[in-house]
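Residue numbers (numbering that gives the first Met the number 0), protein chains in the order written: chain G, 0 to 409; chain L, 0 to 302.
Quick caveat, the hints were computed from the structure, so don't treat them as lab data.
Beta carbons: idealized from backbone N, C-alpha and C, even for Gly.
Do not rely on the hints blindly, as some may be mistaken.
Stated by the list, open to error - Pair ranges (Cβ atoms, derived):
| hint | chain 1 | residue 1 | chain 2 | residue 2 | range |
| --- | --- | --- | --- | --- | --- |
| 1 | L | R11 | G | L392 | 24 to 30 Å |
| 2 | G | L392 | L | R216 | 54 to 60 Å |
| 3 | G | L291 | L | E124 | 22 to 28 Å |
Claimed, not checked - To list a few chain G residues with every Cβ distance to chain L over 10 Å, as calculated:
| hint | residue |
| --- | --- |
| 4 | E125 |
| 5 | D132 |
| 6 | P137 |
| 7 | I227 |
| 8 | T233 |
| 9 | Q235 |
| 10 | A239 |
| 11 | M240 |
| 12 | A281 |
| 13 | P285 |
| 14 | Q321 |
| 15 | Q385 |
| 16 | A396 |
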Amino acid sequence: MSARLLALWLKESIALLRDRHGLLALFIMPTIFILVMTLALRDSFTPGARIDASYALVDLDQSASSAALSKRLSKAASFNRIDHAGNLDAARAAVLAGRLNLALVVPPGFGERLLTPGGADGKPAEPLTLLLDPALSPALQLAFRNQVMAALGGVRADELTHKAGKLFGLPVAPGASADKDWPDEIRSEAVRRDSNASLPSSVQQNVPAWLIFAMFFVVIPISSIFIIERQHGTLQRLRAMGLPFRLVLAGKLLPFFVVNQVQALLMVLVGMYLVPLFGSEALQLPSTPALLLAWWAVSAAVSLAAVAWALLIASLAKTSEQATIVGGVGNILMGAIGGIMVPKFIMPAAMQQLAALSPMAWALEGFHTVMLRHGGLTDVLPSIMQLLAFSLLSLVAAVWLNRRALAARS
Amino acid sequence: MLVVDGVSYRYRDAASPALQGISLHIPAGGIYGLLGPNGAGKTTLISLLAGLLTAADGKIALHGQPLATARAANPRAIALVPQDYAFYPMLTVTENLRFFAGILGLSGAALKTQIDSAIAFARLEQVVAKRAGELSGGLRRRLNLAIGLLGQPQLLLLDEPTVGVDPQSRHFLLESIAALPAAGTTVIYTSHYMEEVEAICQQIAIIDQGKVLTEGRLADILASPEPVLDITLDRELPADIATRHTASASGELKYALKLASTAELPRLLDELAVTGCGVRQLSFGQHDLEQVFMRLTNRSLRD
């Protein structure tokens, strides 16, 4: 048995090493995806990160209050401030030309009416005006409005405090400032097993996601070799040599399992050492042996699922072209609905429910359980069981399809 | 000795059986030719002998043992060389041989000896490091054959082993195959090339539509039991002559006429001349396999 399996493993390994397209799909594609997507989505995973949308403040009031508002907005520092729009027309032209995404116009009399917005003198207060680039996402428009409202509230509170102090003759401490900086009143905390972990970053989301995607791409080399074997009569010859089909399958499982594990190692190294060279945060693997074991268990289950899926596609397809199309499109669909290409939390509720059907989503959930929530083996067990069930069903279907094909020929 | 006794086989959903009660006696240590047109049932019979199919009826025995028992006792006893190039184009010649030798359970010195021997037999020394997919048609056929010889089989099943090769490679392959019985291998050789079968086989069976039309020593089959004149006329053969000589039509104005003896030939030609039948072509004497097949089926082997 062992000599036969060794021969099968060696053959698969040599064939894979000579399959340049297969290697490209397995190793280069995920490296590029990890780099590009980690950098592209870096800010989406960083709370308080600078938002790549610009705004200008057009101060037509030039009062102390408008200056305080301007200062508070600058301190928020989420949006990119550009101070070249001196007047309303220039601001409007800049938004129209796409140089600015937003322009906040502070009307004349803003300072005077700061505490009497309803118009105590009978005249209604002129509101702040927000000039918008219509292409700016509604979420960012809302975020900026909220920042302005928060800054406005702060300026009003400062003004009230100042006036109340004066009214009641309260002493003002030396060096005290009306626009005092308050410490952050909201602190974000990622909920996980241990307490000393930081928030997930783009690289921690993207490395496992694209690793899973790449692992499932073993469908290309596996089906390519399998279909050659079938079309050239090599499977028949192997049968005539007394080689059972289950051994043919076993001969493919181990080499590609090893390939998947090499992929996992390389993608982790890409996340740890290559991604930081491009200015993003380095991937952090779990630090304890128990968590590393859980991580590897998920990786092993993903690998079994990927190889079994590839064998099913190879058994279904009649030509290499069919296998490439069915396997490739199948992987892209599983990735699209499984939160690989678009993070699941961005999806609407219905799509998130659909994601639960994708083996890639189960795999990603497993990796996230270890990497983000620092869960152990028992925590990743549901994901592993789902993946193993998928593997088993795919293998049974592959064997059944091959038996059926054989029966049709006989 | 391989005995095929009343074997039938029908493919699923096929209108007619591929083999109908085939019986053959294949002696050990020679080359046995299975001749027949495409679709005659040759590959089905080879698949049954290789264990790829199981006969619905009948028995197959190798050296007195049921085929399955004989294969179980010695898995390398029977080797198949399929019509397709059944190896890995991305692997080199040596890698292919090493792989198939491994599948046969060979290892260590035995593996090396068998690979070297197969390479030498098929004269593949110059291309051992070349990928199989880059070989010419003739070299691929040689590699296909070499793989079949790795296990030193007692029975080698060759299914159309010369299809698609140039004349030089065909000649080499036929020479190589002809040398196999001397090494103790019995060869079953299927082909629809009569000249190949005539060149290397000692025993043959002609199969058509799943039935054995004739089986025996090639020389006996070629030697007609009664002289037959194959003749092409310029007009229809007169009915009385046709009846007297049990004529069979083998084409337009082509006839095979049985004669009682060779001496009858001049008399028949005179008679034809008297009736106004002009002779365009005639042959008399030992038949070739094409003529034998035509006589048996009224069809050309290549139809």
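Distal placement of G:I227 relative to chain L, Cβ over 10 Å: The assertion about G:I227 is violated, with a minimum of 7 Å to chain L.
G:D132 non-interfacial with respect to chain L [C-beta, more than 10 Å]: holds (55 Å)
Consistency of the no-contact label for G:Q385, given chain L and a CB cut of 10 Å: About 35 Å separates G:Q385 from the closest Cβ of chain L, which puts it past 10 Å; holds.
Outcome for the supplied range 54 to 60 Å, where the beta carbon pair is G:L392 and L:R216: Holds, at about 58 Å.
Least C-beta distance between G:M240 and chain L, which was stated to exceed 10 Å: About 5 Å separates G:M240 from the closest Cβ of chain L, which leaves it inside 10 Å; violated.
Status of G:Q321, Cβ more than 10 Å from any chain L Cβ: G:Q321 clear of chain L: closest Cβ-Cβ about 19 Å, beyond 10 Å.
Interface-negative label, G:E125 against chain L, beta-carbon threshold 10 Å: Fine: 77 Å to the nearest Cβ keeps G:E125 off the interface.
G:A281 remote from chain L - nearest C-beta pair above 10 Å: holds (38 Å)
G:A239 remote from chain L - nearest C-beta pair above 10 Å: violated (4 Å)
Distance restraint evaluation - G:L291, L:E124, Cβ atoms, bounds 22 to 28 Å: About 51 Å separates the Cβ atoms of G:L291 and L:E124, which means 22 to 28 Å is violated.
Assertion that G:T233 lies farther than 10 Å from chain L (Cβ): violated (5 Å)
Given as non-interface: G:A396, which should sit over 10 Å from chain L by C-beta: holds (21 Å)
Hints 3, 7, 8, 9, 10, 11, counting from the list given before, are not met by this structure.
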